[in-house]
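S.K.: Sequence:
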Amino acid sequence: MDKFRYLPDTEQDQKEMLDALKISSVDELFSDIPAEIRLTEDLPISQAIDESTLTKKMRRLADRNATAHDQTLFLGAGTYDHYIPSVIDHVISRSEFYTAYTPYQAEASQGELQALFEFQTMVCELTGMDAANSSLYDGFTSLGEAANLAVGATKRSKILISKAVHPQGRQVLQTVANGHGYQVEELDLTTDSTDLTLLEEQIDNETAAVIIQYPNFFGSVEDLAAIRELTAAKKALLIVMANPLALALLESPGKLGADIVVGDMQPMGLAMNFGGPHCGYFAVKKKYIRKIPGRIVGQTTDTEGKRGFVLTLQAREQHIRREKATSYMSSNQALNALASSVFMSALGKEGIKKMAQLNIEKADYMAKQLESKGYSLKNEAPFFNEFVVQLNRPIKEINQYLLQKGFIGGYDMEPDYGMENAVLLAVTEQRTKEDIDRFIEALEGMHR
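Sequence positions in the sequence shown follow my numbering and run 1 to 448.
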């Protein structure tokens with residue numbers, strides 16, 4: 001066991017278990033399985049190796065990945081390479097915080113409950129909404145739950161979603177809608193934004209909500225105020241899926257009339273992690289607070305008048321109302337919500353604004369440099385830290401070439417949008433002027 005200390009099943013363990021069962025062999029244990037379908041030879045896998053050798057082998061395998069640590073990344077499309085202050089891992093690694101669950105026992109969990117209450121508060125400040133929960137699994141889970149809330153609140157059966165919403169988000173929504181029995185229709189685009197003329201034609205008295213991404217998948221900033229006028233005319237809800245970092249500078253969806261704001265906190269202190277786990281947020285106007293999914297932490301006072309924090313409005317939840325519940329989310333991403341809370345606290349309002357401003361400035365610099373080289377942008381509206389550029393070769397081919405030059409290229413827009421040779425590029429505060437210039441030089445080198 002010194003050699004394989006992580007393997008719990010020793011020969012002595014097996015003997016003791018067989019003795020307890022009063023049988024003599026493992027074959028006898030599985031005697032109910034017909035002999036002709038039992039495996040009689042060893043599986044074609046390597047023999048066990050010691051921990052040191054295994055660690056070296058796994059590191060060699062991991063080194064085959066192209067990561068943001070050793071490549072310069074211009075890929076976004078929902079998961080972004082932002083700086084993560086070292087204080088985050090230090091705080092969330094403390095034993096009293098190190099769990100993914102929202103605590104039930106208030107008397108034993110005041111610290112974590114307060115941290116989650118602060119998370120909810122900061123989400124409300126960013127989104128301009130009245131109430132938020134303590135997180136959901138990810139942004140797309142939040143999106144599906146928002147549609148469910150809208151259908152339940154309006155008693156209507158149709159959701160309109162812009163094609164400028166993340167393609168995977170639209171797929172998740174369709175799956176959720178199929179299970180709940182309501183209809184999803186997609187709204188076509190202008191070049192880079194939701195076509196408001198088509199929205200006005202498609203929205204009707206059966207529309208529960210319109211879903212818009214802000215900034216959208218193309219990186220462009222949608223006209224939420226104009227969209228809100230159209231939804232209000234039909235008494236449909238406006239659901240906005242927003243990048244929380246962008247909200248540090250953009251007008252908040254709440255001020256522009258959104259009823260529900262959802263999204264993923266990944267840009268706020270969460271590692272890319274090959275796509276997850278991340279942390280969904282969910283914020284609403286006050287009138288919908290009793291329909292909000294997931295756990296909500298509230299502030300109260302105890303019998304001695306001291307401030308305390310508890311899980312509140314639990315009558316919404318499945319462990320109380322059973323089949324009549326408005327929330328079936330019994331878990332969330334409390335640890336990642338804590339990480340985002342630490343991130344926002346560490347940077348502060350001005351720090352987050354500065355970080356968002358750097359994203360805008362660096363994306364703008366790269367876009368202008370590409371235009372100066374003769375490439376055309378597909379974005380007509382202002383954009384945040386992503387934009388779509390038209391190239392003159394297949395993006396898969398270009399990205400393979402860029403990888404050899406030390407770059408992870410952008411997102412190919414052809415499979416989801418039919419945009420041949422168009423790529424979605426992301427530029428965060430992590431990218432330097434030298435990174436951008438080298439990327440464009442490499443791109444130019446391919447076309448010489």
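A couple of the hints might just be wrong.
What the hints assert, rightly or not - Think about it this way: if two alpha-carbon atoms lie no more than 16 angstroms apart in a straight line, the pair counts; the simulated EDC-like pairs of lysine to aspartate or glutamate are:
hint : residue 1 : residue 2
1    : K163      : D416
2    : K286      : E125
3    : K353      : E36
4    : K368      : D435
5    : K285      : D435
6    : K163      : E251
7    : K353      : E251
8    : K378      : D195
No wet-lab data here; the hints were simulated from the structure.
S.K.: Now tell me, hint by hint, if it's right for this structure.
M.R.: We went through each hint and held it up to the structure:
1. K163 with D416: Measuring from Cα to Cα gives roughly 10 angstroms; hence the hint holds.
2. K286 with E125: It holds: about 14 angstroms lies between the C-alpha atoms, which stays within 16 angstroms.
3. K353 with E36: With a Cα-Cα distance of about 68 angstroms, the restraint between K353 and E36 is violated, given a limit of 16 angstroms.
4. K368 with D435: 15 angstroms, holds
5. K285 with D435: 42 angstroms, violated
6. K163 with E251: 22 angstroms, violated
7. K353 with E251: Cα-Cα ~12 angstroms, so holds.
8. K378 with D195: 15 angstroms, holds
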